[in-house]
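Asks: Next come the chains, spelled out residue by residue.
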Amino acid sequence: MKVVVTSTGESLDSEIDPRFGRAAFFVLIDTETGEHRAVSNEVGREAGHGAGIQSAETVSGLGANMVLTGECGPKAEEALKRAGIPVRTKIQGCVADAVNALKTEISVGR
Amino acid sequence: MRELVVLSGKGGTGKTSLTASFAFLSGRAVMADTDVDGSNLPLLFDVSVRRRESFYSGEIACVTDDLCVGCGRCESVCRFGAVHREGDRPRPKYKVDPLACEGCGFCYEVCPSKAVKLQERLTGEWFEFETRAGPLVHARLAPSGENSGKLVGLVKREARRIAKERNLDLVLVDGPPGIGCPVIASLGGVSGALFVAEPTVSGLHDFERAANLTAHFGIGSMICVNRWDLNPSLTERLEERARSLDVHPVGRVRYDRSVTQAQREGRSVVERESPAAADIRNLWKNLEL
Amino acid sequence: MGDIPSRSIVIASGKGGTGKTTVAVSLALTAPGPIRFLDCDVEEPNAHLFLKPKIDRSTLVTVPVPVIDAGRCRSCGHCASICRFSGIVMLAGKPQVFPELCKGCGGCSWACPEGAIREADRAVGVVEEGLAGRIEFVAGKINVAETSSPRVIRAVRRSPSGRPWTLIDAPPGTACPMMAAVHGADLVLLVTEPTPFGLNDLKLAVSSLSHLGLQFGVVINRFEGEDCRIHDYCEKGNIRIFAEIPEDRKVAEVYSRGDNIVDTLPVVRDIFIALWGEIQEAMNRSDGLRMDGRSCSS
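Residue numbers (our numbering), protein chains in the order written: chain C, 15 to 124; chain V, -17 to 271; chain D, 54 to 351.
By construction, these hints were calculated from the structure, which means they are not laboratory data.
Do not take every clue at face value.
[As the list claims (entries may be wrong)] Some residues of chain C that are not near chain V, with every Cβ distance over 12 Å (derived):
1) M15
2) S25
3) L26
4) L42
5) D44
6) T47
7) E49
8) V53
9) S54
10) R59
11) L76
12) E85
13) L116
14) S121
[Unchecked claim] Here are some chain D residues pointing at chain V (derived, C-beta under 7 Å):
15) S61
16) G69
17) A198
18) S202
[Unchecked claim] Derived pair list, reagent style DSS-like, types lysine-lysine, alpha-carbon separation capped at 27 Å:
19) V:K267 <-> V:K75
20) C:K16 <-> D:K147
21) V:K75 <-> V:K99
22) C:K104 <-> V:K146
23) D:K256 <-> D:K289
24) C:K95 <-> D:K147
25) V:K96 <-> V:K77
26) C:K95 <-> C:K117
27) V:K75 <-> V:K96
Glycine is no exception: its CB is placed at the ideal position from the N, C-alpha and C atoms.
Construct the complete structure from the given sequences, taking the supplied hints into account.
Replies: What follows is the structure, encoded as structure tokens:
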């Protein structure tokens, strides 16, 4: 699956950005191939009230199947719901840790 | 790092005076003055300017005279009354009123001669100050600046950045009055809100509307009653109403002329002993910050 | 509708809590003739607490927001790309409307090549009308978490007046909401207090008003007789002081109960009657100036 993690930096070692709408970067990771890339969230950071919605539009455009982040405002939550993208909040640590934890969960759960 | 926003709904209840006193008592806080439409925190300290920046956000439409062919399509589509016709010879010219323009871009889309341009709107100016109670981030709206809350967001972000840089663990946000965009923006990411209310029928009414707002955003809130002895029975009613809205009373400050005196002397109330200062110290203790 | 020209006086203040509503309400209760009172502090309207009107009419204030006809929509994305406020965005390949962010500009319905967008009204506030004794009372109230104060204020101001005097209680501050309330006023009275905060915000208010070319003056509230900073500032700027209201704990107590100071404190009542004298004199004078063709400023 394609996971998006909100990040303060562009690498897998970067610390997770606790905010979704105003996150500095979105790191998109393909959990199967391990490929990843970072996308700057200038649009979300620049936006007025629509930050969360703009960010949802961005991650939806990236083809994300899931979002991992710290906290997500009500508008962002609504937008991700409409986009059919589940979101997990209260995630901490660095990007790589979060993705690994998710991968473990997937392999154990299924 | 914790972030406390001091709110009131109603203006003039003592938010700024209390925020300044808290910063002084904490010694480990960064102040964020988000009342960008008339902020007063800097007046209580001898500030020295560390940084000063302009802030642009949103857009304003602007008509380039030479390219305008006078068709008037811009005026016909504008729903905000921001486009006006000026003069008739040799042909009508159109001008955008920056105070009324919302930056929607409709005029820009319909202009046949590309005379309408969308420009970054100068929203305001922000400052990083040093004060004897710690760093203070302060901002001021420009005349045609829209108070959407973006400038408020910037002030808070800068305050957090400074707190992180200097290992300070508290951001004290002096909140804007009302319940509009700027207040909503001041609530983003806070650990809690402290309402400052006065025991008046207006104060009770306005507190309720503002408490509705924090409840809407799920923010844990407290209340302190300022000038409580002007109406003790209304103070009780206010605290009771607060409890029913899940807002916890954490203290009371009495009516005391020394509060205004402190303001006139350019200092926070707690920097000198007075009955109000003692009340504020107690209140600070109850906040457990 | 108003065939009688109505003189409008707006009570404003750079700073909240200086006594704007108290002054507006007190003027309403001591008016020399029939008046219409507009409470334009739509975020925190308070005048009704003191004037105690009987509301008999309520009108919604609305914003036209887009509704997409899924049958006609081809998901081309034109609507989302024209919207600058995230009112419409593309999610999972389809346009999604977020009405709370929509400013009602109409660009999206114009941009849609399939004619798939129509507009529906969304309520953002309410205008209530009624009588408070013989005062015609109108108040605007914006819904909690809404962001379009000026729109609600304009709705209040649009209500027609057949009365010779219109008193407007403006929202505090100097930004868009205040601008919407003072628009086209015959006289603006700025209420302030003789403190550093009061003076600071008065200067901001004066600066905003001077861009608009409106006649204005100052009312000093909570004057203790010692701090003359407001007087000095007004003298330097050639700004007329219309009245001074003394600092008095009794005033604060009466206000706290929701009672009217002009009803309970005769000294204060006299101050407001005198203030009306000043207002009428200023209006007559500016009429005279207007007839001479000269510009009028305070």
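Asks: Find the hints from earlier in the document that the structure breaks and name them by number, from lowest to highest.
Replies: 10, 12, 15 and 19
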